[in-house]
Amino acid sequence: MGIRIHQLPPAIANQIAAGEVIERPASVVKELLENSLDAGADSITVEIGYGGLNQIKVSDNGVGIVAEDLPLAVAAHATSKITTLDDLYAINSMGFRGEALASIASVAKFTISSRPAQQEHAMMLQVHDSISTLAPCARNVGTTIDVVDLFFNAPVRKRFLKNEKLEFQAIEMVIKRFALSAPQIGLVLKHNNKLILSLPAAINEQAKQIRMTKIFGTAFIKDAISVDTERGVMRLCGWVSGPNYQRSQNDRQWVYINHRMVKDKLINHALKQAYDGLLYPGRFPACLLYLTIHTAEVDVNVHPTKHEVRFQQPRLVHDFVTSQLTNALKAGALKNEEKVYEYGSYSASKESVDICEPYLSPNHLRGTEPVSNLSASAKSDDGPGTTLQEQNGLSRRAHPSAQWSSSPRNAVSGKSTLLVENESSWTFLNDQYVLIFLEQQPHIVDLIALQKKWLMNQLNSANLPLESRPLLVPVSYEVSPKLKERMSQFQQAVEQAGLHTEWSKEDRLLIRTVPIKVPYLDIRLFIESLIELESIQLEQVIQEICQCQRFDPKRLSSEERMELNFFLLSARNQGAELEGIFKALSVDDCRMFVHV
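One point on numbering: in full-length UniProt numbering, the residue at position 146 of the sequence shown is 146, and numbering is uninterrupted.
Okay, derived cross-link-like pairs now, EDC-like style, lysine to aspartate or glutamate, Cα gap no bigger than 16 Å in a straight line: (1) K482 to D507; (2) K190 to D146; (3) K57 to E34; (4) K554 to D431; (5) K194 to E47; (6) K57 to D149; (7) K583 to D446; (8) K109 to D146; (9) K162 to E23; (10) K484 to E534; (11) K452 to E539; (12) K190 to E167; (13) K263 to E308; (14) K263 to D299; (15) K57 to D146; (16) K81 to E34; (17) K482 to E528.
Here are the in silico distance ranges between beta carbons for each label pair: (18) E485 to L585: 50 to 58 Å; (19) E528 to I203: 53 to 61 Å; (20) L316 to H259: 16 to 24 Å; (21) F152 to R512: 35 to 43 Å; (22) R512 to E308: 26 to 34 Å; (23) E297 to K484: 53 to 61 Å; (24) E528 to R469: 19 to 27 Å; (25) Q273 to Q489: 36 to 44 Å; (26) K222 to V473: 30 to 38 Å; (27) N268 to E297: 18 to 26 Å.
Derived from the structure by calculation, the hints contain no laboratory data. Every value quoted in this text rests on a predicted model; they were computed, and no experiment measured them. Glycine included, every Cβ here is placed at the ideal spot set by N, Cα and C.
Can you make the complete structure from the sequences, with help from the hints?
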């Protein structure tokens, strides 16, 4: 007799479903936030324990669940969102599949307590190993869901999770994205009983702008171009970055379709096409876009996580987004050309201090994200490693310039900070030299030399190997006989510098990754320069990286300009030598220029 077909027990079926819906703690948070939104909540508190590995607790003040429906809430394919097949193709709610709570309860110790307004007291349902108990409890109107020991009964799944820091970063990103999809909801985030994020409900345009600034940073807002257009059943609104705001990653391309968080390849391609020719290779724009489309024109029932959607007329949507973003970028460019820059002294007001804050950690030259006062925990972990100076047996004291380059803010007084912010406008004299005012004194600066000096100090104090990012298309280089002779030495040196290489069958060298900290590296020039060296040492590799950059100083972002300003001011205040890089202009110098 052959193998017989049998029905899977509910516990196994739910765990299989959980494998599609619940990938990590952040997936749990997303599902619970969307449930709270569907329940009409205007205040949500999220409490996380050990990156969500120990506990995830979400409380809201929504309509609540009646006592009789609590057991159904954790049953598979049970929902209050849809009742007929037609409802499935006209979905206005975030949830509709009826799988989330059942999936979560099957892989964690699950407790839900809820009280609707018409019910005298709250009820609590506890689910552990498919055993449910229902009992009365005390709480206000709303719902609290407590998820403890996620994947306790799925050890294989648990081993695939990251460490506490990375899992919490993913949770925080979900909450920030949710915060911009539902600005009317106040949000509180706690991690290990520590307040991380507190966002009051944004019920007017000014409050929404403040929330967006806190999450995306002032640098994006200053450069952002507004989009608000409509065609037929589609409306596109939001903000996109100008060409001066360029990122090394595409992690700030946030798109919402009917206020649903999605990762849509069609929209991303339209965005890429709109910016074609405006950005450097390997650089990405940022955007915050809301596409509203008739529910009959989009299918959200494509993937269990609901991250993907399918359009009835994808070409129409793609062309609409591309054309409107292109028009917005052209209008933004014309507006920038009409701006008149005024130079002079400014008062150091409190607003100036607030404006300075997002530049505490510029994101382009350092390869990290802008840091707001909302979350210091979201910084990337550089991991273990040794610095170039440590490998050479030298301390940072042996490099005076490194002391003031690694933390420019620490070396500059509060007064100087304001002056840099207020006088950071640059007047380009040509493609290399620029006039900058520092503390109301004009300076002529060789920008290319300054940027190379800045980068040298950054790389000297960086952990090795340098953090890298993959190239979409590897760079292929024909290997010369001279390089073949010392390929092992070459590969070892460039690996430390963040370039991962490999041989191809055609005797060519493939460069797979480049260092994040060096976005303007000319790879071919860099390799050719290394080949000409008599011996390939790590110190020489770092020097060649700094020398083999190709960039247009006029297209540096505002963060990059601020970083170079701080670097220059720090060096000058501490008396560090930057010979041949800048010159402070005295009255006599100016008189000499005029009377030449």
